[in-house]
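Here is how the chains run, residue by residue.
There are 2 protein chains.
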Amino acid sequence: MLKKERMNRILEKTELDQLLLSDPYALFYLLGEWFYPGERFLGFLIRRNAKPVLFINSLFHAEENDETETVYYSDTDDVTGIVGNYTDSSKILGVDKILPARFLIPMMDRQIASSFELGSEAVDLTRAVKDEEEIELMRISSKINDQAMEQMKGLIHEGVTEKEAASKIMDIYLSLGAEGFSFDPIVAFGKNAADPHHMPDDTVIKEGNAVLFDVGCRYRSYCSDMTRTFFYKKGPSEEAERIYNLVRSANEEAEKMLKPGVPLCDVDKKARDIISQGGYGEYFTHRLGHFIGTEDHEYGDVSQANTRKTEAGNIHSIEPGIYFPEILGCRIEDLVLITENGYEVLNQYPHDIEIIG
Amino acid sequence: MLKKERMNRILEKTELDQLLLSDPYALFYLLGEWFYPGERFLGFLIRRNAKPVLFINSLFHAEENDETETVYYSDTDDVTGIVGNYTDSSKILGVDKILPARFLIPMMDRQIASSFELGSEAVDLTRAVKDEEEIELMRISSKINDQAMEQMKGLIHEGVTEKEAASKIMDIYLSLGAEGFSFDPIVAFGKNAADPHHMPDDTVIKEGNAVLFDVGCRYRSYCSDMTRTFFYKKGPSEEAERIYNLVRSANEEAEKMLKPGVPLCDVDKKARDIISQGGYGEYFTHRLGHFIGTEDHEYGDVSQANTRKTEAGNIHSIEPGIYFPEILGCRIEDLVLITENGYEVLNQYPHDIEIIG
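Residue numbers (my numbering), protein chains in the order written: chain A, 1 to 357; chain B, 1001 to 1357.
To be clear, the hints were calculated from the coordinates, so they are not data collected in a lab. All the given hints hold, so there is nothing to weed out.
Quick list of in silico lysine to aspartate or glutamate cross-link-like pairs, EDC-like style, CA-CA up to 20 angstroms:
hint, chain 1, residue 1, chain 2, residue 2
1, A, 97, B, 1039
2, A, 168, B, 1171
3, B, 1163, A, 184
4, B, 1163, A, 171
5, A, 163, B, 1179
6, A, 97, B, 1075
7, A, 91, B, 1109
8, B, 1097, A, 23
9, B, 1097, A, 77
10, B, 1168, A, 179
11, A, 163, B, 1184
Just need the whole structure built from these sequences, with the hints factored in.
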């Protein structure tokens, strides 16, 4: 079913009169349906003052709806020509950022528009402001993630490797009603937790290790994403505890300043200043957060470079970390929603130091 | 390390003097290293008579090698301009099929080449002819898949759902030394097996059901892919057995004709004719096979439309199926290698009718 209100919000944000979207995430956003075109062309042409048109290979099927024209093509059809029948060749065509060269170059060669511009920012900015339906699904997805984190602790026992623990996480999510991962889970023990990009390997748990879970699931297509850092069988050393509490305070103080109209770079700065003043600034090596929705990483981030202001309906992560290899690698991540008057943290799992195992 | 022989084979297959590759699979093929650029630009410029150049965000790291120039850029750099410093703007630039519009359009606006063409077919055709190193890894990957299939049968017991069975497959692969899936496994019971695109759901196994596993793993980046159809607790009906044996014979007879120089459409036709003559032609609804390597589906297929001839070193699937909802959905798939004189089937798991559970 065409989500007309979302389409109109997109057209309000651009001066282009025709936009050809091919990103399955954008199509799901506008049509409520997932398409998996593989290497085949998939397009959704939205136009000012005309019905949108869905172009789809006849191997697939789209739900019928009166407000969209659906054009099926076959593998032997000239798809560029078919799309060209619907574009206004005297006007610019906005294409989305992911349109692959194998479709774009033939469209240019055939001049199906006067010129071609990147047109997907209007979609991205619209998707960054979640509506009520989306917010509710994001809340449920994060709630499942909270419950899953409680169970994941139980995966850590003597002799277990990161990979073994990670391989059990899918079952936890499925049993809680999620559809799957929003990204491959990170399970990192000890020094591995000091590499923010570490992927689970054959490292075996040892007493005193930090245990970092950076995990998320999908619920009715909407993602969760949370990180907690535990300690196995023994609490942190004095310095490790100081590091943990700095990360915690960077997370909580950054969250507290959230409300509509705050420059995203100021939020990053708040967390970064706390960690820097604690003496670990150089070990916080990434941005504070990223936007999220049906994709784990969506357009928009909480970084020093992003001067854009928060808006009610934004959902993004707050995930400060300190990666100090000899002592502790630690990250604490929540998802937050910007509300009309402030913010709502979607994750309820506590931030306290917790000894497990 | 630059795989120079592979690069030279690519340049022999094209008239273009400069090719900008951005597909991580192509880069792995040429550099033996995986890059995960996410939304950031990744490029490998190969040139006739000049060193190739790797463009990579400084957040990532590439192994040093003397035969490649590596250019790091940062998030605030003008990456289009940097690439333009290395291209010959008086010549055509070949780009690969997946280069997203967000990079291609700025390169065109800045005229870093005289014009832009799709240039990745030369890479795809080169990748379709596996070298000895690749063949050995593909053999191991399929051997693991054979062993895994033996264990997967044990997942089917009273009360189990497709999703539950599918959720255990990763553990089997990891325990056998694979790195992960080559694609999300398909487990389909009964009528669900008659939908070739079915994904595991909450369907519970019933006595007499067909049990279809379409599964594959990755070993040192190389994929396996095999399908077998079993019967749960009770053998097939007479008609189901006839269908099974037709599929089996389509598979085996198509395999027997493989050697260098056979048009791929003829291989498809062989299998299709057998199924048609058996009376089920309209229920074999897809092509006979696809090429495979580091990607589960690579360029090249075994279909009615592909008149290209097999070459020694090709590896592709042979996967006839009959999807006859009331009686049986069944597919039997192997990977095959075209050798100098004939073929080698990479899967050893038998084709016999097998009752499990």
